[in-house]
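Visitor: Modelling step: build the complete structure from the supplied sequences, incorporating the hints.
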Amino acid sequence: MATVAAPPSSLQRVRLRADRNARLAQALLLAACALLTVFLLAPLAMILVKSTEDKSGAFVGLQLFREYATNPALLESAFNTIWVAATVTVITVPLAFAFAYALTRSCTPWKGAFRLIALVPILSPSMLAAISFIQWFGNQGALKSWLFGHQVYGPIGIIISAVYAIFPHALMIVLTSLLLADGRLYEAAESLGTSRLRKFLTITLPGARYGIVSAAMVVFSYTVSDFGIPKVIGGNFNVLAIDIFKQVIGQQNFNRGAVVSLVLLAPVVLAFLVEWWMQGRQQSQFSARAVPYVPRPSRAFDAAMFAYCALVCTVLLAVLGMAVYTSFIKLWPYDLHFSLRHYIFGLIDGGVIESYFNSLEMALVTAALGTAMVFGTAYLLEKTRGMPLVRTAIRFLATIPMAVPGMVLGLGYIFFFNHPDNPLHVMYGGMLILSISTIVHYYTSSHLTAVTALKSLDNEFEAVSASLKVPFYKTFVRVTVPVCLPAILDIARYLFINAMVTISGVVFLYSPDTKVASIAIINLDEAGEIGPAAAMSTLIVATSALICLVYAVVTRWLLARTQAWRRPAAT
Amino acid sequence: MTAPARPSDESYLRLTGVTKRFGKFTALSNIALTVERGRLVTFLGPSGCGKTTLLRIIAGLETQDEGAIVQGGRDISRLPATQRDYGIVFQSYALFPNLTIFANVAYGLVNRRKGQDEIRRRVGELLKLVGLPDAGSRYPGQLSGGQQQRIALARALATAPGLLLLDEPLSALDAIERVRLRGEIRALQQRLGVTTIMVTHDQEEALSMADHIVVMNQGMIEQVGTPQQIYRDPASAFVADFVGKVNVLSAVAEGGGRFRIGQLVVNGAIGMEEIAPGTRVKLYLRPEDVLIDGALGSQSNAASGKVAKVEFLGAFCLVSVTLAGAEEQPLLVSISRHAHDEMNLAVGALLQIGLPHDCMRLLS
Chain Z
167 MATVAAPPSS LQRVRLRADR NARLAQALLL AACALLTVFL LAPLAMILVK
217 STEDKSGAFV GLQLFREYAT NPALLESAFN TIWVAATVTV ITVPLAFAFA
267 YALTRSCTPW KGAFRLIALV PILSPSMLAA ISFIQWFGNQ GALKSWLFGH
317 QVYGPIGIII SAVYAIFPHA LMIVLTSLLL ADGRLYEAAE SLGTSRLRKF
367 LTITLPGARY GIVSAAMVVF SYTVSDFGIP KVIGGNFNVL AIDIFKQVIG
417 QQNFNRGAVV SLVLLAPVVL AFLVEWWMQG RQQSQFSARA VPYVPRPSRA
467 FDAAMFAYCA LVCTVLLAVL GMAVYTSFIK LWPYDLHFSL RHYIFGLIDG
517 GVIESYFNSL EMALVTAALG TAMVFGTAYL LEKTRGMPLV RTAIRFLATI
567 PMAVPGMVLG LGYIFFFNHP DNPLHVMYGG MLILSISTIV HYYTSSHLTA
617 VTALKSLDNE FEAVSASLKV PFYKTFVRVT VPVCLPAILD IARYLFINAM
667 VTISGVVFLY SPDTKVASIA IINLDEAGEI GPAAAMSTLI VATSALICLV
717 YAVVTRWLLA RTQAWRRPAA T
Chain U
570 MTAPARPSDE SYLRLTGVTK RFGKFTALSN IALTVERGRL VTFLGPSGCG
620 KTTLLRIIAG LETQDEGAIV QGGRDISRLP ATQRDYGIVF QSYALFPNLT
670 IFANVAYGLV NRRKGQDEIR RRVGELLKLV GLPDAGSRYP GQLSGGQQQR
720 IALARALATA PGLLLLDEPL SALDAIERVR LRGEIRALQQ RLGVTTIMVT
770 HDQEEALSMA DHIVVMNQGM IEQVGTPQQI YRDPASAFVA DFVGKVNVLS
820 AVAEGGGRFR IGQLVVNGAI GMEEIAPGTR VKLYLRPEDV LIDGALGSQS
870 NAASGKVAKV EFLGAFCLVS VTLAGAEEQP LLVSISRHAH DEMNLAVGAL
920 LQIGLPHDCM RLLS
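Residue numbers (this note's numbering), protein chains in the order written: chain Z, 167 to 737; chain U, 570 to 933.
Simulated from the structure, these hints should not be mistaken for lab results. Note that this is a predicted model, so its numbers are computed, not measured. Treat the hints with care, as some may be off.
[What the hints assert, rightly or not] No farther apart than 25 angstroms at their CA atoms in a straight line, the calculated lysine-lysine pairs in the DSS-like style are these:
#, chain 1, residue 1, chain 2, residue 2
1, U, Lys697, Z, Lys635
2, Z, Lys640, Z, Lys549
3, Z, Lys635, U, Lys683
[Unchecked claim] Simulated DEER-style distance windows between Cβ atoms:
#, chain 1, residue 1, chain 2, residue 2, range
4, U, Lys814, Z, Trp723, 53 to 61 angstroms
5, Z, Leu194, U, Pro615, 37 to 45 angstroms
6, U, Ile839, Z, Ala184, 39 to 47 angstroms
7, U, Val821, Z, Asn625, 48 to 56 angstroms
8, U, Gly693, Z, Arg179, 40 to 48 angstroms
Beta carbons are placed, not taken as given, at the ideal position from N, Cα and C, and that holds for glycine.
Guide: Here you go:
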């Protein structure tokens, strides 16, 4: 053996000859990128185009924006949207933080039950909260006097309904950031004789600050984007989401709708950027060697925390309970006898029940197609090689949906798919486009779940497979999918539940044949049929709850069956 | 098992002009190397020296920007990993957690359309070979780290590859397991005669296992040689410093092969006579080459010293000695525990030191 003098190196860069498998992986990656471009980027681009055109399609530059800026009614709803969303944020985040604090830093009993109840609002369409609050505080509301003569129809109703609907999302984010506490910091503080308040101010709060900001941004964006709540309980109080709806559906003024949707997009994008920036900073503060914090009992503190959690859960259950109750009584508030008439006469006889089955079908297709698309793309992204530019493009595209309100996406879909020259025009009015828009709308979270699961796998599985001459798709089927199955099921459940409850994403895209349950709720409510609307909401909650139950059972069974390799025996 | 191939002078793997850049950073610079059939070669160097990148290029997991690789007479420079002939073992084991040990070892065999019986026989053979004949029905998570790495080795060898690549295979194991497994891997490699490349940052591992060591630094090969050559005749200051401990003494040439360290004048090794007087040089001397008291004999480079520090390291001691006339450059001397006990060395003790001129190296 000896070092050999190197020959003069050629200037041409060496490239590996691609084998069939590598080419297949790259073709699939390219296809994923194309799909995201067609179903996300192109519709959004169309909004930009349409916002600079008049009705005849002639380019008018910023004319429509100027008109917008000089229209006091439209400006007022922009202002309304911002202050309502800000108010919801200021109320929700402290509520959620206190709840998460109780769950992580106290020894209150019933933590599991509290947590479960706090997540219940996720299962229902946002309209459910609005319907319920109308029953509690509306013109014939049970607790109308509590509002001291104020109307629930308007900002008050929107704010309390939004707080209910978004509470679990805020809770999850804050909870995660509080769970990441390093117990050793608290031990060090205690050894120095630090008071509870000082520990809270110097350890807990700084540790959770990114989570708090992140939660605030999510709450703000959600409230700005939501359409169902202001539609049902907003009365004459205008917000941007309602404006878009009015411009597009009411006045058929698509171009102005595009302008309003861009105005709606702005604060959400801003919130998204703040949150994104925060996410990047969250990483570094929790080291792998940190010891989880374990709270110690303290009678008075635990009792106070228990009372707080119990109160919040009571309110949450009261909201859900009122909607369910409304669906099972004859006629609020005159005849409170148990009755199935809202289900039988209101939904089945009226044929409205069709929309429930449409929702079911749509949710199943969304879960199946979406999970395959999201996980498959994430796999190709994380575990195959080549085409770095396409990879960067997909990573970028996958983060966009988080910053796009459903109504904006839906409007883009009208512009893009309803265009007579688009060969994909045939999809318009069909069920598939509802599923696809829902997948795209909820892409970012699902994508992050998939990427996290894939990143936890050994990076060398693919290298080992290649050395053993096993094609990547065999390893994908035999190893990657089985190991990631819990995350895959999680994505499917997430997509299913959101497909059942989504309203803003599909409000522009349904046709008479593909009307879904959430649209039916809006229509029933408009017609004054609050009983059947409550019944439909209850059906959605029950279905989502059932899916969660199935998910829990399957996951538990799966973990038990695969325990041999998931939870290694101590050796 | 394949019959053990005789190690020969025949070259099996030849790299020429291999260069790899990551942006502006040059990870590998014009690497040229030949590996003979049946040998175990280690790539040794500090982290970031390019040793792992070089291994991954040989495996086709990274692509060199320039340069050629020929394996067994076949130009594999542009072949994708799946078309090359090697088995690989990683630091992380990379066993498929949801498959049994049997299925893991059989993973590459199943793909070759072998019959069930043949696969079963072959897997049994391999499991016996790595000393875990009864592990087949268990899962990787149920085995210890060392056992998992043995399985990874069995999986890599299952298809009887021409080349075995080991990427820091022992780094994740505890000290005892590491020493045991390194003996096993070496024995197995010699028995099968499979050409093997192992990446490591552990010099002891490299010295104890390798036929040849390739010492790498900053994307370049510093030296290639047998463990003995690397240790005794380091080709550069880097190698001398990285492999084993060494004293570095600043000196000025006096001419005629003599050097002045502070006020102390010593003779250099044969061949150092040519150095012009007044040249500043660095003399390298291993701590265990330094002689003390009784062992001195007729040593010409003698000096009196004083013990400044004694570091007890178990089997031997590392004694720091200041030499009369060269106090500012303390000399490390390695002595056995027995010698230490006999001489009863304590801080401040006086002793005679010999600097054997034939052990001195002049390195740049």
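Visitor: What hint numbers does the structure not satisfy?
Guide: Structure breaks hint 6 only.
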